[in-house]
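Visitor: Here is what each chain is made of, one letter per residue.
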Amino acid sequence: MLNYIASLGRFGMHLIQQYGQAGVLLSRTLLRLPNPRKGFPLVVQQVYAEGVLSLLIIIVSGLFIGMVVGLQGYHTLAKFGASQELGPLVALSVVRELGPVVTALLFAGRAGSAIAAEIGLMKATEQLSSMEMMAVDPLQRVIAPRCWGGFISMPLLTLIFNVTAVYGAYLVGVKWLGLDAGAFWSNMQASVDFNLDVVNGIIKSIAFGFVVTWIAVYQGYYAEPTSAGIANATTRTVVYSSLAVLGLDFVLTTMMIGGW
Amino acid sequence: MLSQRTIEIVVGLFLLAAICALLVLAFKVSGLTTFFHSGGYRVEADFDDIGQLKVRSAVKISGVTIGEVTRIQLDPNTYQAKVTMWLNSYMNAIPDDSSAAILTAGLLGDNYIEISPMYSHTFLHNGSEIKDTKSAMILEKLIGQFLFKINGGNGDKTSTEKSTGDKK
Amino acid sequence: MTHLIDIKGLSFQRNHRPIFSSVDLTITRGKITAIMGPSGSGKTTLLRLIGGQLIPGQGTITIDGQVIHKLKRRSLYQLRKRMGMLFQSAGLFTHLTVFENVAFPLREHTQLSEAMIRNLVLLKLQMVGLRGARDLMPSELSGGMARRVALARAIALDPELIMYDEPFSGQDPISMAVLVKLVHTLNQSLGLTSIIVSHDVPETLSITDYAYVISDGKVIGRGTAESIKHTDSAQLQQFLQGLPDGPVPFHYPAINIEQDLIGETR
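Protein chains in written order, with our numbering: chain A, 1 to 260; chain B, 1 to 168; chain C, 1 to 266.
Quick caveat, the hints were computed from the structure, so don't treat them as lab data.
Possibly wrong hints are sitting among the right ones.
[What the hints assert, rightly or not] The calculated DSBU-like cross-link candidates involving lysine-lysine, where the alpha carbons are at most 35 Å apart (straight line), are:
no. : chain 1 : residue 1 : chain 2 : residue 2
1   : B       : K141      : A       : K79
2   : C       : K218      : A       : K38
3   : B       : K149      : A       : K79
4   : B       : K54       : B       : K134
5   : B       : K149      : A       : K175
6   : A       : K79       : B       : K60
[Unchecked claim] A few chain C residues facing chain A, derived, Cβ under 8 Å:
no. : residue
7   : Y77
8   : F87
9   : H109
Everything numeric in this text was worked out from a predicted model, so none of it was measured.
Just so you know, even glycine gets a beta-carbon here, dropped at the ideal spot from N, CA and C.
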């Protein structure tokens, strides 16, 4: 019995230690701002690697998700004779929920795993250590640009996802199912509020980008320097960040609907 | 590997695309344009019951949107809802005896205000009030009345109708 | 001061397992010092302690009069610019070419012009004989070549101290000979203080001025290459001559085999 309690305690301590490590890593990374002349190109490279290279998957999934929501929504709304409300339905569900969440999940799978694997491999092949011995701070040179790249890319990808999804629904609803384009847009405009819906969606995406990048960087940096360790780190990045995104989404939605 | 310059250009395009997306979301999806209420005028109307009418609900004539609701307040003296709406300046010749009704788009749709023009030769202007208003149709009330009509039996039919009519 | 590095009473443990217990070492300026020992005796850990990547549990590590684990981050990095380290796996940046790898410390720490950097990099590559390989990616290099590139990178900033972590292990005889020659010439021509951590006894002893043998967290032998060969400590001789059994037993500690076999049927 005592053994169980002890193992529970050990687990708890391990957990707290991990959170502490992650916090220390993050604060150090963010405090050691890269010097602008050298840091800026590095951040740009990371925005390219994490953002631009994720564009294709984001656009394709945005389009299809928009089309599916449009199709499903149309048939459901038609039962109530409210198919004119397809625009608001799609726009609100995409801008508030689907956009930030799906983008974050895709981002975790596409960019987060890549960050974790790359950093883990750099650690395993002693690139980080040799950097340190060359008096170059790996947190500043390697981790910080990846963090900023992720923080910047995520909201941008979400914006693009939102627009493609809305146009996907437009294609299905207006071009295919024959809704009136004017009603589609004007009903959407009447129910979507810029501050309440669009801006809140962007706030969510910023929070998700932060969490996903943080988890990816942490898992990579503290990965065990073996091939199994890196595989673990990549898996954990995707699993943990997906869970974190979904959980955080609930918390943020509650806050936004409740208080704001 | 791409050269730094190519990467910078591609990232620049990426940023640009995202900004365009933001603009589309702002103006096309959430209709932020109507925030800039330039060159319109404001009109007030008191309703007994506004139903689900909200700020930013549409104001229409014959189904064409000509403005939107900008403010909803409760009048502390009459207990009526005072709705302020903004009308586009090109609609500057609405007769001042026109009536305003709160209607619903479809069965489940949003409420909006429909203005039915009348025949006066003086027009609505900034700050004027629409006197003739029809409240929102509240589904529960209608059902309640309908049930009452059935239960109340055939004898009382006329009085029910009268009371409904009074209310409107 | 002739001692560049002075280690006194160093103790270090990892995961409650002691790696060093009160080790004393001195590294003489301008000489090649070898630190030898069986695998797992913490030789690499010692280099990391000297480089300030790990903090000792007890004792002090003094480099050129500065206690390394008490330094602030900024001065530690300042000190590290005067050190070079060659990692066992070379630690080349896989996304950069050979040229860019060697140029990396120069670009990070100096404001030199592009032409100047080019000249310096080519000179360093010439020194390790790989000037022609400047446009290759690290994945296209053999293990020995990768180490030579890493060596060129380690000396790019003209350090005073260079640490080699297992420079000869896993090399074919030719690249081993090349590396031995390189380590020796660099020490001779540039006057570098060198620390070699290795378990390749004959190659290491052929070029060292002074050698330490570490086992079980203690220094079990020290002296010049000649004198250490003639020490009559059994443990030391077992290591130096590579005997399979001796004070370091062939068998991992276990209970008596008869008991173990019987125990299985029980």
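Visitor: Against each hint, give a clear statement of whether it holds in the structure.
Guide: To see whether the hints hold, each was checked on the structure:
1. K141/B - K79/A: holds, 23 Å
2. K218/C - K38/A: violated, 44 Å
3. K149/B - K79/A: Answer holds: K149/B to K79/A is near 28 Å, not above 35 Å.
4. K54/B - K134/B: Between K54/B and K134/B the Cα gap is close to 16 Å, so the pair holds against 35 Å.
5. K149/B - K175/A: violated, 46 Å
6. K79/A - K60/B: With Cα atoms ~26 Å apart, K79/A and K60/B stay inside 35 Å; holds.
7. Y77: holds, 4 Å
8. F87: holds, 4 Å
9. H109: Cβ of H109/C sits 7 Å from chain A, so the hint holds.
Going through the hint list in order, the structure does not satisfy hints 2 and 5.
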